[in-house]
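Q: So you can see what is in the structure, the chains are spelled out below.
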Amino acid sequence: MRRPPMHAGPGPEETDMRLVAAVFAAVLVLAVGSCAPAQRINLGRDAGYLIAAISGEPDQLDPQKTSAYFSFEVLENVFDTLVEPDADLTMRPALAQSWDIAPDQLTWTFHLRPGVTFHDGSPCTAADVVYSYRRVIDGKLANADKLSAVTDVTATDDRTVRITVAHPAPNLLTNLGGFKGVAIVQRRNVEDGQIASHPIGTGPFAFVNQRSGDAITLRANPHYWAGAPRIPGVTFRFISEPSTALAALQAGEIDWTDTVPPQRVAQLRGDDSIHLAVTPSNDYWYLAMNEARPPWQDVRVRQAVAYAIDRPSIVQATSYGAAQANQLAIPQGNPWYTPYDKYRHDIDHAKQLLREAGTVPTAMDLLVTSEYPQTVTAAQVIADNLAPLGIRVTIRTVDFGTWLDEQHSGHFDMLMMGWLGNIDPDDFYYAQHHTGGASNAQKFSDPRVDALLDAGRTETDQQVRHQDYAQAATLIADQVSYLYLYNPSVVQAWSPRLTGYEARRDKAIRFRDAALGGARP
Amino acid sequence: MIILRFLARRLAYSLVVLVGVLIVVFALAHLVPGDPVRIALGTRYTPEAYEALRHASGLDRPLAAQFVSYLGHAATGNLGVSFRNGDPVAQVLAERLPATVSLAVVGIVLALVIALPAGIYAASHEGRLSDVIVRVTSQFGVSIPDFWLGILLISLFSTTLGWLPTSGYRPLFDDPAGWLRHVILPGVTVGLVAAAIMTRYVRSAVLEVSAMGYVRTARSKGLPPRVVTLRHVVRNALVPILTITGIQLATILGGVIVVEVVFAWPGLGRLVYLSVAARDYPVIQGAVLLIAVLFLAVNLVVDVLYALVDPRIRLS
Chain A
0 MRRPPMHAGP
10 GPEETDMRLV
20 AAVFAAVLVL
30 AVGSCAPAQR
40 INLGRDAGYL
50 IAAISGEPDQ
60 LDPQKTSAYF
70 SFEVLENVFD
80 TLVEPDADLT
90 MRPALAQSWD
100 IAPDQLTWTF
110 HLRPGVTFHD
120 GSPCTAADVV
130 YSYRRVIDGK
140 LANADKLSAV
150 TDVTATDDRT
160 VRITVAHPAP
170 NLLTNLGGFK
180 GVAIVQRRNV
190 EDGQIASHPI
200 GTGPFAFVNQ
210 RSGDAITLRA
220 NPHYWAGAPR
230 IPGVTFRFIS
240 EPSTALAALQ
250 AGEIDWTDTV
260 PPQRVAQLRG
270 DDSIHLAVTP
280 SNDYWYLAMN
290 EARPPWQDVR
300 VRQAVAYAID
310 RPSIVQATSY
320 GAAQANQLAI
330 PQGNPWYTPY
340 DKYRHDIDHA
350 KQLLREAGTV
360 PTAMDLLVTS
370 EYPQTVTAAQ
380 VIADNLAPLG
390 IRVTIRTVDF
400 GTWLDEQHSG
410 HFDMLMMGWL
420 GNIDPDDFYY
430 AQHHTGGASN
440 AQKFSDPRVD
450 ALLDAGRTET
460 DQQVRHQDYA
470 QAATLIADQV
480 SYLYLYNPSV
490 VQAWSPRLTG
500 YEARRDKAIR
510 FRDAALGGAR
520 P
Chain B
0 MIILRFLARR
10 LAYSLVVLVG
20 VLIVVFALAH
30 LVPGDPVRIA
40 LGTRYTPEAY
50 EALRHASGLD
60 RPLAAQFVSY
70 LGHAATGNLG
80 VSFRNGDPVA
90 QVLAERLPAT
100 VSLAVVGIVL
110 ALVIALPAGI
120 YAASHEGRLS
130 DVIVRVTSQF
140 GVSIPDFWLG
150 ILLISLFSTT
160 LGWLPTSGYR
170 PLFDDPAGWL
180 RHVILPGVTV
190 GLVAAAIMTR
200 YVRSAVLEVS
210 AMGYVRTARS
220 KGLPPRVVTL
230 RHVVRNALVP
240 ILTITGIQLA
250 TILGGVIVVE
260 VVFAWPGLGR
270 LVYLSVAARD
280 YPVIQGAVLL
290 IAVLFLAVNL
300 VVDVLYALVD
310 PRIRLS
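Those protein sequences? They're chains A and B, same order as listed. Under numbering that gives the first Met the number 0, the first residue of the first sequence is numbered 0, with each subsequent residue one higher. Under numbering that gives the first Met the number 0, the first residue of the second sequence is numbered 0, with each subsequent residue one higher.
Worth double-checking, as some hints may not be accurate.
Ranges of calculated distance between the beta carbons of each label pair, as one might list FRET restraints [unchecked claim]: (1) A:His110 x B:Val67: 49 to 57 Å; (2) B:Gln138 x A:Tyr68: 38 to 46 Å; (3) A:Gly192 x B:Ser68: 15 to 23 Å; (4) B:Tyr272 x A:Thr393: 26 to 34 Å; (5) B:Gly161 x A:Gln379: 37 to 45 Å.
What the hints contain is simulated information worked out from the structure, not anything from laboratory work. These numbers were taken from a predicted model, which means no experiment stands behind them. Heads up, the beta-carbon is just placed ideally off N, CA and C, and yes, glycines get one too.
All chains, full assembly: derive it from the sequences and hints.
A: Printed below as a string of structure tokens:
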């Protein structure tokens, strides 16, 4: 038997190999550090920065192009709009100090605040405003529908912008200032291709750097038109696991987070060591049945489903109660709220409606997406709710890309989704319920609703406008274009050290007035 | 010279593997339902915006043409730009790589430090209580979900004791102390899970060698048990141990998504996960390419080490 040598000194080949192994090891170790980003700015807790944890990384930082909430959480603090919503969501001056409306309601003249500069020191003038709006309109960017009434934007001098509209546009201010998707950007920043990764705005904080997968750092803008922030800067960390974010808050590593485990809300309410805010939001979640497919085109079938749904159970399952069940889209407390409580959980009445309709659906394809786990959770409750009617619900859980495809091509019986970041009633209804509306995937069509929604776009008498929308909302719910479920709450938690910050119902995260007192625990 | 010829051949072979990997990734990424353009536009979709963005991203060209131009660019180190934010993919990967390598190195070193002594000890006390304890503990370690272990470690060492940060990452060369403080908890999480798996392999490898005739000979010629174990048994058990170490290391390098999520660790795993969800093809392709390179590199090192620990194995 050939016995292998058990031990021998290193031969020439072995030395070679040891060398190679050592080189590999060295390369591996060097790789740890050699690729580190060039910035060596150690801004963080030592520098007195506010550390905020958001639950994901912004996809990009161009406010006019992103549609991700994570991006807007950061960009809310970097950019400005002409006007902006105050705490009650009424529009107040921002970059525009004042404005006049011509008697025919077709020309709006905005007077810009003097002396506003971008973060690189260059002045922000009327030309920048014109450029920003033209970019959205001419580039057919996703937010172009906010400016759909606008026929012309011109700068009459450095500090005056004139906007003409095709018809009276009572929601123009909301569309110009409701969120940072129509923010005023800097032409050079756009044209040199930097805006998506190194945005330059006029807001209270300036972008410093982003560490991929880790954090974005902003520094205070001492020349901010509304006064320099009281904190030197903000670091947004990306912590997607709610338990970790909460532990980090309790350990004093972060000062603020909106990544709060919903099942912990009840327990945290009694915790003095952190401040918890649970504020009803303008977001809403809904079900929609595909009216291009029988039997869902029959309003009685849709109403039967509406009577079979148990909203409180869905709210409990998805939000552990930290949400408000609602049969319409707009929550109580909002100036556009309309009371409505036609539906109740009533299986007998649902069966009665199905009998009247003369068709009993036996199967339903319910389209939900893992991107929004609440839709997956709610789907199970809904399947259970509909079983007594003899409807067997097949829950189809897909990723968001597939979901959007399926929705767009009408491959569904029912779907669940939410609309986030709505302010003006037009945001709530037009695209969703107008015949042929851009987001009317359920193919709802009612001439009365169309007329009311069209009127709402041009009605300048606020009281009449309110009545138009109340009537439209009632019709939409009566006919179950959407089966509204609930308004989720904005749930945020912060350290008692943080003052000058309030949770807002539009979910804008504004740190411009924030202050940090005392030492971290 | 043998070693150089070996490396040259392996390099050529690696290139073939990488092209193959790219073809598969390219095909898979495009076959998965879901359109990156539609996702980028989200609920604000309009047909005009869709066509414009599709054209701008080059996605309206034939798949084969897209692949060929991708290969051409990749060969020169240009991995394209992310669909989502226009960042160069190579730069994004370079930012993520140090975090991933940090976690992998710390995890695997810790795993070896635990698994080698524990496995050898258990094997040399086969059937006794200590062996049973090691086996039960490692079985337990294999069964623990890593996110649970991570959350447990955070609540003990960060929330309760306040010794270590809950999450986050610091670059090693910017802030060595910060790097160490931040890498410990995720490193331990990854390391303990790997250690549990590796302990079982070390134990069975050592047991297998212990049954060999030459070990009996070594014992019967009166060598002390410690010398027999270290010089004769462990040295011969190193080949399977190296194999499992290489596999574990490569797995961690490929991304430990759950651990990265729990500790908000900016590694490759989360990047791949998010990019797949957004159908960000350039980032998916670049990241998978990088992970494949890391896999091949680890394999190469393991093969070289095989020859180092067992001269019977020739590099050919």
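Q: Please go over all the hints and tell whether each is borne out by the structure.
A: Now for the hints, and whether the structure bears them out:
For the pair His110 (chain A) and Val67 (chain B), the beta carbons lie near 56 Å from each other, so the given range of 49 to 57 Å is met. At roughly 43 Å, the beta-carbon separation of Gln138 (chain B) and Tyr68 (chain A) lies within the given 38 to 46 Å, and the hint holds. One distance hint, 15 to 23 Å for the beta-carbon pair Gly192 (chain A) and Ser68 (chain B), holds here, with the actual separation near 20 Å. One distance hint, 26 to 34 Å for the beta-carbon pair Tyr272 (chain B) and Thr393 (chain A), holds here, with the actual separation near 27 Å.
Checked against the hint of 37 to 45 Å, the C-beta distance between Gly161 (chain B) and Gln379 (chain A) comes to roughly 40 Å, which is consistent with it.
In this structure, every one of the numbered hints holds.
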